Amino acid sequence: MRNFWNTALRDLGKIGVAYILITVGVWLVFMIIIPQLIMFDYSLRPMLPLRDIGGPKDVWTLKNYMVFFSNRLHMAIFFKTIWSSIIVTLTALAICYPIAFYLAKVARGAKVGLLMLGLIIPYWINELLRLFAWQIILADMGILNQLLIFLGIIADPINFRMGNGAVILGMTYAYILFMVFPIYNVMESLDKNQLDAARDLGASWLRIHYKIVMPHAKPGIAVGCTMTFMLAAGTVAAPQLLGSPSSFWFTQVINTNFECANWNLGAAYATLLMLLCVVFMFIMLKLFKVGLKELTQ
Amino acid sequence: MKSSSIFRIVIGLYLVLFFAYMFLPLIFMTIIAFNANDIPQITPWKGFTLMWFGELAKDDQMWSALWNSFIVAFSVVAISVPIGLGGALLLTRLQFKARNFLYGVLVSPILTPGIILGISTFLFWDSYLNIPGGLWTAILGQSTFISSYCMLLIMSRAQRFDLTQEEAAFDLGATHRQVFWKITLPFLKPALISSMALAFMQSFDNYNTTLFAIGVEQTLPIYIGTKLRSFISPAMNALAVIFIILTVIGAVVYEVRRRREIIKAGVKITPKPAAQVIRM
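Going down the list, the sequences are from chains A and B.
For the record, in the first sequence the residue sitting at position 62 is 62 according to my numbering, with numbers rising by one throughout.
For the record, in the second sequence the residue sitting at position 252 is 252 according to my numbering, with numbers rising by one throughout.
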């Protein structure tokens, strides 16, 4: 330990060490750890009138979590959030894998730059506006309905906003590009000679991908899946803009709790969402056998 | 030969479909901003107009939200970049046992849903400490995860730092201060500049965290969200067009700079493109 401080002081000086300790300390303690702990603490306490807070009734209890587990509707919404986020993640993976591969290993020269631009531009457009674009397309008198009527496929406009389809469609569009870049990054470092060698030895392209590209791209796939799932499960905007009263989503349930000023219940629900994302991340780490370190590089 | 040309056609078709999927919605949104129809749709086309831009400019709420967005974004830059630098120096320059664990904790905000960061920040400051939340809690909530991005960006450059340069300077009698200002900082400068740009954009675009952390105030995304949930006017399309134009300019500048750096560095992988440029 003493050794550590000596080296630190030698390399960075007193001011340098103090700077690091203060910036990282404040960030770690007051921005990352304590707020999370406080949220967890809230989730374990009953909602009480102000005068009872800190009193004998203010004890830790699992009551807020029991509210969730005894509410069929909320559980159903939670599971809907899980499966639709999985759908979004898998769709994004299926669509983006070829794009990432093409960009990293097939495209050459100016084409790479152009394709890159083509990805960055929609990626950088505000999430709400990307969802707004789908709000317009899926509206009752929107482009899709007009087109279908024009083609004679339907006679009357379809209400696409009913049910969950529009939200899932919107989420896929809004978060799909979070899959491209992580996979592209790892594929870029793949040695092209490996691919050529495999091809020369007569491996089919399916086999090349299965045996060479995919194993190499694992960390990127894990990152992409974790990010996409997290964004889809935690999206507030997609259900707000594309959902209907008949399709309520988990983030909206959380929001409602806070709007009803039941912060304790809201904190419990938020903790559940957090847990879901953590569990999903660890499943990804296990599934792709990558470490947390590789995951975020 | 024949199968490879079929392959090429399939790939070409796939790319065309993919980019159509990415861009057509944005193109529709843009065209509608110039339609004199007061429902935001392409049909019926009621003639070319710029009135929606005027409508947008008349909205006081929009201006105050924009102003707030700037305040928040500049503050986030001022907080996140120094923190990110501290974290990057800690993780690249010092060796200690808990290093990997600490790394995990410091990047965890990126993998946390934005809504959770917003809620926890607001609960802690506003509810627990009873300091009324507002723009500043939004700034803190956003900085929690934006600092992680800045750290990763600065780290990826700091890892390539040649320590012998510092050692040589020390041997020649330089002080820590001199070494930092003359050697370390100039080397990190490109990463610091890109992390400032990244932090600004991330903050300017943030919805999830801000929505829960900001209380009753509004930033531009909150304003957009509120508008899009109620009555939708093509003024929002006008706003979208402005966003799109700025994004296109930003993306072109970014890509040109990236390519130039790749050429300068002479190696292929130098600046990882957008892994760090994740938004939200």
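Any given hint might turn out to be false.
What the hints assert, rightly or not - Here are the simulated lysine-lysine pairs, DSSO-like style, with alpha carbons at most 30 Å apart:
# : chain 1 : residue 1 : chain 2 : residue 2
1 : B       : Lys-97    : A       : Lys-218
2 : B       : Lys-97    : A       : Lys-192
3 : B       : Lys-97    : A       : Lys-14
4 : A       : Lys-105   : B       : Lys-97
5 : A       : Lys-211   : A       : Lys-111
6 : A       : Lys-289   : B       : Lys-97
7 : A       : Lys-211   : A       : Lys-289
Stated by the list, open to error - In silico negatives: residues of chain A with every beta carbon more than 12 Å from chain B:
#  : residue
8  : Lys-57
9  : Phe-69
10 : Leu-73
11 : Met-75
12 : Leu-90
13 : Asp-140
14 : Ala-198
15 : Ala-203
16 : Phe-258
17 : Tyr-269
The set of hints was computed from the structure by calculation and includes no laboratory data.
Every value quoted in this text rests on a predicted model; they were computed, and no experiment measured them.
Where is the CB? At the ideal position from N, CA and C, for every residue including glycine.
Structure-based check of all given hints:
1. The suggested pairing of Lys-97(B) with Lys-218(A) holds, with an alpha-carbon distance near 27 Å, which does not exceed 30 Å.
2. A hinted pair counts as satisfied when its Cα atoms are at most 30 Å apart, and Lys-97(B) with Lys-192(A) does not qualify at roughly 37 Å.
3. Taking the CA atoms of Lys-97(B) and Lys-14(A), the gap is near 21 Å; set against the 30 Å cutoff, the hint holds.
4. Restraint check for Lys-105(A) and Lys-97(B): the C-alpha separation of about 38 Å exceeds 30 Å, so the hint is violated.
5. Annotation: proposed proximity of Lys-211(A) to Lys-111(A) holds, straight-line Cα distance about 27 Å (limit 30 Å).
6. With a C-alpha separation of about 23 Å, the suggested pairing of Lys-289(A) with Lys-97(B) holds against the 30 Å cut-off.
7. For the hint pairing Lys-211(A) with Lys-289(A), the CA-to-CA distance comes to about 15 Å; that is within 30 Å, so the pair holds.
8. At roughly 18 Å from the closest C-beta of chain B, the C-beta of Lys-57(A) stays outside 12 Å, upholding its exclusion from the interface.
9. Consistency note on Phe-69(A): stated as away from chain B, and its beta-carbon is indeed over 12 Å from all of that chain's, at 20 Å minimum.
10. With a cut of 12 Å on Cβ distances, Leu-73(A) stays outside the contact zone with chain B, its closest approach being about 20 Å.
11. Against the 12 Å criterion, Met-75(A) stays outside the reach of chain B, whose nearest CB is about 19 Å from its own CB.
12. Distance check on Leu-90(A): its Cβ is at least 17 Å (rounded) from any Cβ of chain B, clearing the 12 Å threshold; non-interface status holds.
13. Annotated as non-interface, Asp-140(A) brings its C-beta within 12 Å of a C-beta of chain B; the closest such distance is 10 Å.
14. With a least beta-carbon separation of about 16 Å from chain B, Ala-198(A) lies farther than 12 Å from that chain, consistent with its non-interface assignment.
15. No beta-carbon of chain B comes within 12 Å of the beta-carbon of Ala-203(A); the shortest separation is about 15 Å.
16. The beta carbon of Phe-258(A) is not kept farther than 12 Å from every beta carbon of chain B, the shortest such distance being approximately 7 Å.
17. Interface exclusion of Tyr-269(A) from chain B breaks down, the closest Cβ pair being 10 Å apart, not more than 12 Å.
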